[in-house]
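Whole structure, please, built from the sequences with the hints as guidance.
Residue numbers (the working numbering), protein chains in the order written: chain G, 1 to 238; chain D, 1 to 86.
It is worth saying that the hints were derived from the structure and are not from the lab. There's no promise every hint is true.
Claimed, not checked - Each pair of labels, with its calculated beta carbon distance range: (1) G:5 to D:64: 54 to 64 Å; (2) G:31 to D:57: 49 to 59 Å; (3) D:64 to G:92: 38 to 48 Å; (4) D:57 to G:70: 20 to 30 Å.
Idealized CB from N, CA, C, for every residue including glycine.
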Amino acid sequence: MSQPQQTTVRNRLLKALSQDDFARLQPHLEPIDAELKQTLIAPNQPIKQLFFPESGYGSLATEAPEGSKAAAGIIGREGLIGASPVLLGADRTPHHIFIQAPGEMLAIETGVLVAAVDQSPSLRKLLLRYIQVLFVEAVQTAFVNATYTSEVRLARWLLMCHDRMDGDELVMTHEFVSLMLGVQRSSATLAVQALEGYRLIKARRGRLTILDRKALVEIAGAGYGLPEAEYARLIEGA
Amino acid sequence: MPRYFFNLRHRPGSGGLAADHEGDELADVNAARAHALSEARDLIARGRNETIRDWMVCSFEVTDERDKPVLTVPFSDTLPEEGVWD
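As structure tokens, then:
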């Protein structure tokens, strides 16, 4: 199979690399199809591969031993799954990253990526800037969870998912919405009904369709946009 | 284990029911009641939202896999029967 070309990749980090840095990684990128709920990074297991999503996205979640869990972020075509533990020198992470929307990923061996970063200060700088954006996003999630109602939190998450996919339809159970928002399933159902009542989304069993993105942005208010703007500034030089 | 569905009644009428289509597997109806009370406590404590002003008028209408009503758990059941002022 021919290797991915920088002119046609959809991953925004790969697009933002210098030609030299892309050439360093290109021979080692292996396309894989990631399926719904597939684990990409298992908690407390050595990280053997990282993944540049081309389509679809994963959720980063923390899981308590007694079973409760909450999502802290999503990683799609703007990102690199596994970047923060590996680039910050950890061989494993307590967090779980699994597929929320199926799609194509470009996998790379951990040792290969680490060697490339050791050889290229510009590659290291770009990926560390991406990790800074992830940190901004995690703090934003804490802020939003502490400050806003479940409707605002849902609007933000839906926008983040929408940013990482093509089209307007998301496959999503209320169980999953509750994981993303860190709320009970009943709260998730109420929030979905409220946004549906405002005609911003349409909910069918297991599916949500975004009807009015502009109004979702208005509802999300200051809850949405800060990490997205930091990404554009730090990674894409906007 | 049987699956129970925890439909949240917050107002009279069809618009006042947040239907649960996913449900939770629990050992029996006693476990379902305990689960409903635990969910209600969590909603009262952390469930800030724009639909419900008063949790004490809410209840869980619990149904089984054949959509038959199993029990109703008012959120007021999370409070002790006798208040500290009685």
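Is it true that residue 5 of chain G and residue 64 of chain D lie within 54 to 64 Å of each other by Cβ? holds (56 Å)
May I ask you to test the hint 49 to 59 Å on the CB atoms belonging to residue 31 of chain G and residue 57 of chain D?
Once the Cβ atoms are compared, 54 Å apart, the range 49 to 59 Å for residue 57 of chain D and residue 31 of chain G holds.
Subject >> Consistency of beta-carbon spacing, residue 70 of chain G to residue 57 of chain D, with hint 20 to 30 Å >> reply: holds (28 Å)
Using the Cβ atoms, figure out if residue 64 of chain D sits within 38 to 48 Å of residue 92 of chain G.
holds (43 Å)
Violated hints: none; the structure is consistent with every hint.
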